[in-house]
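These protein sequence lines are chains A and B, in that order.
Quick note on numbering: the working numbering labels position 235 of the first sequence as 235, and the sequence is numbered without any gaps.
Heads up: take any position in the second sequence, counting from 1, add 435, and you land on the working numbering.
Please keep in mind that the hints were generated in silico from the structure rather than gathered at the bench.
Accuracy of the hints is not assured; some may be wrong.
Straight-line C-alpha distance at most 25 Å; calculated DMTMM-like pairs for lysine to aspartate or glutamate [unchecked claim]: (1) A:72 x B:478; (2) A:154 x B:602; (3) A:69 x B:478; (4) A:69 x B:477; (5) A:6 x A:18; (6) A:78 x B:470; (7) A:72 x B:477; (8) A:69 x B:470; (9) B:468 x A:70; (10) A:154 x B:523; (11) B:597 x A:54; (12) B:447 x B:477; (13) A:6 x A:229; (14) B:447 x A:408; (15) A:69 x B:467.
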Amino acid sequence: MTMTQKILAHAAGFSTVEAGYLILVRPDRVLGNDITAPVAINEFREMGATRVYDPARISLVMDHFAPNKDIKAAAQCKLCRDFAHEMGISGFYDGGAMGIEHVLLPELGLVTAGDVVIGADSHTCTYGALGAFATGVGSTDMAVAIKTGKAWFKVPEAIRIVLTGKLNAWVSGKDLILSIIGSIGVDGALYQSMEFCGPGVATLSMSDRLCICNMAIEAGAKNGIFPVDERTIAFLEEVGAQVPVVFTADEDAEYVSTIEIDLGAITPTVAFPHLPENARTFEGGLPASYSLQGSSSAQDPIGFIPIDQVVIGSCTNGRLEDLQIAAEILRGRKIAPNLRVIIIPGTQKVYLDAMAQGLLRVFVEAGALVSTPTCGPCLGGHMGILAAGERAVATTNRNFVGRMGHTESEVYLASPAVAAASAVCGCITDPRTLM
Amino acid sequence: MGKTIARARVFKYGDNVDTDVIIPARYLNTTDKNELARHCMEDLDASFASRVHPGSIIVAGRNFGCGSSREHAPIALQASGVVLIVAESFARIFYRNALNTGLAIIECAPAVHEAQDDDELSADLTAGVLVNHTKGTRHAVMVYPPFIQQIIKAGGLVALAKTGGLD
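Just chain A, with the same shape it has in the complex (with noise of 0.2 Å):
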């Protein structure tokens, strides 16, 4: 079996489980925030429920449209904070004590190693860099499991990645994800585990696993997880999680396919307008050593992209090691002029951090602004919309039509370092020129 299948297996209450399986599991957390939850509880309401299943299982993060953006988003947050209360669910996070859900749940130790963790949002899948298997779903299966404390899956086949060698310097696991996504395509990895493995993953970080795993639901996978090593354990013990479960995938475990990378061939990446997968490099062409389909455009280089906006933050990309990267790259510079550049900390403790360390005013000597903690642009919600015409270089995950604002708008996924150097430049910007 998987890494994935292990899990899932064990959750079901079986030795053994084969791909295209139907199981009911008992998830270890369910989540939901300020857009989905209302939903699910308007469904548990409707289905006559009247006490959750278990309280502490359920995390309720109010981060997408919060701090309220309107009278109607007010409304949807209330709506949670009245069911938190009258559930006895002490997991609400609003205010000054919300973050970006997927930066604040590992940061408050919420999830661990061998965990199944359902959230009612895509991004889920980011937990899988614990060693948990954690998906998206939807609504009704967050109301039902609320209410059940059961989840139905079907088993996934997965795609082996083999990481070797070690990523150089500017280059993140951002840019990894970003060239997966260019080479495999959108629905490259549909309704199947992305399973890393090999010597490469002890040189990645935590923020690089949990951004590598954030991603794998824009190549469609189910879910994205990371094997459980040192850096994991240490990772679970400073944030006080739940003592570990560790499964390991099984030595003869059946995968559709194995790509292998040389993280050392891996270069700075960026994803150009509408779709995650049309990713491009500097010096043009994604690494050929695994590039199975990739786009005609992943050819060209990236050229010169003048630029309107820039935010670093979101789920993929808020964390502090994020932020440190770009104040690295910001530190004694300004921002090019008529740029307007959104720096939002994932959490209030990513804030906190920044601020002790003086990433803070390293942003704001810069010309930037900082934003409280918030989805808000990210999906076109607030703090940031674009308007017709106008392009923006994002740390975020998806670079739809009108994600960001208007529909004529652009947006460009990129790492933090790309980022700031084009904040810095006022066009999309190779890090490595500057530093």
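Here the structure of chain A is known, so what remains is to put chain B in place on it, guided by the hints.
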């Protein structure tokens, strides 16, 4: 679902129709079905909301419904009057959400390739048959596994859980 889909005209779209164009995030500050329906497909096809009618069918390419987990997407489509989506493939969260909320979906690449805007389609999901009346073709389509049929028979996952079907 688990029933017949009456003959209706087709709205045809391409690959990777994402949830942000099915229902843009700027309208997600409500859960009102009718309000969501008014903005359904707005960023992809501004005339959709005015042309769609009860019983409509959508045909699209690969990876329909990719992107976010927002159940507002199948909700908006159903509230618009869409009763069936035929695609080459569906993004997995949309697939779940459609089954869980009772929106009929069929994966059938040959039917997608031949279908054009305004073709007339009908389907019998129990028998696993999809008919393109305009082209005069019949396609065999997959019948759902028993567990999924149970969800469909109950009228969605909420209804199944309500009747103790998950106990």
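Results for each hint:
1. A:72 x B:478: Status holds; Cα separation ~21 Å.
2. A:154 x B:602: Cα-Cα ~18 Å, so holds.
3. A:69 x B:478: Holds, because 22 Å separates the two Cα atoms, which is no more than 25 Å.
4. A:69 x B:477: The given pair, whose Cα atoms are some 22 Å apart, holds under the 25 Å limit.
5. A:6 x A:18: Distance ~10 Å between residue 6 (chain A) and residue 18 (chain A) Cα, so the pair holds.
6. A:78 x B:470: Between residue 78 (chain A) and residue 470 (chain B) the Cα gap is close to 20 Å, so the pair holds against 25 Å.
7. A:72 x B:477: Given pair residue 72 (chain A), residue 477 (chain B) holds - Cα atoms ~20 Å apart, limit 25 Å.
8. A:69 x B:470: At roughly 18 Å apart (the allowed maximum being 25 Å), residue 470 (chain B) and residue 69 (chain A) satisfy the hint.
9. B:468 x A:70: 19 Å, holds
10. A:154 x B:523: Answer holds: residue 154 (chain A) to residue 523 (chain B) is near 19 Å, not above 25 Å.
11. B:597 x A:54: Distance of about 18 Å is within 25 Å: holds.
12. B:447 x B:477: Roughly 15 Å between the alpha carbons, so the hint for residue 447 (chain B) and residue 477 (chain B) holds.
13. A:6 x A:229: 17 Å, holds
14. B:447 x A:408: 22 Å, holds
15. A:69 x B:467: 18 Å, holds
In this structure, none of the earlier numbered hints is contradicted; all agree with it.
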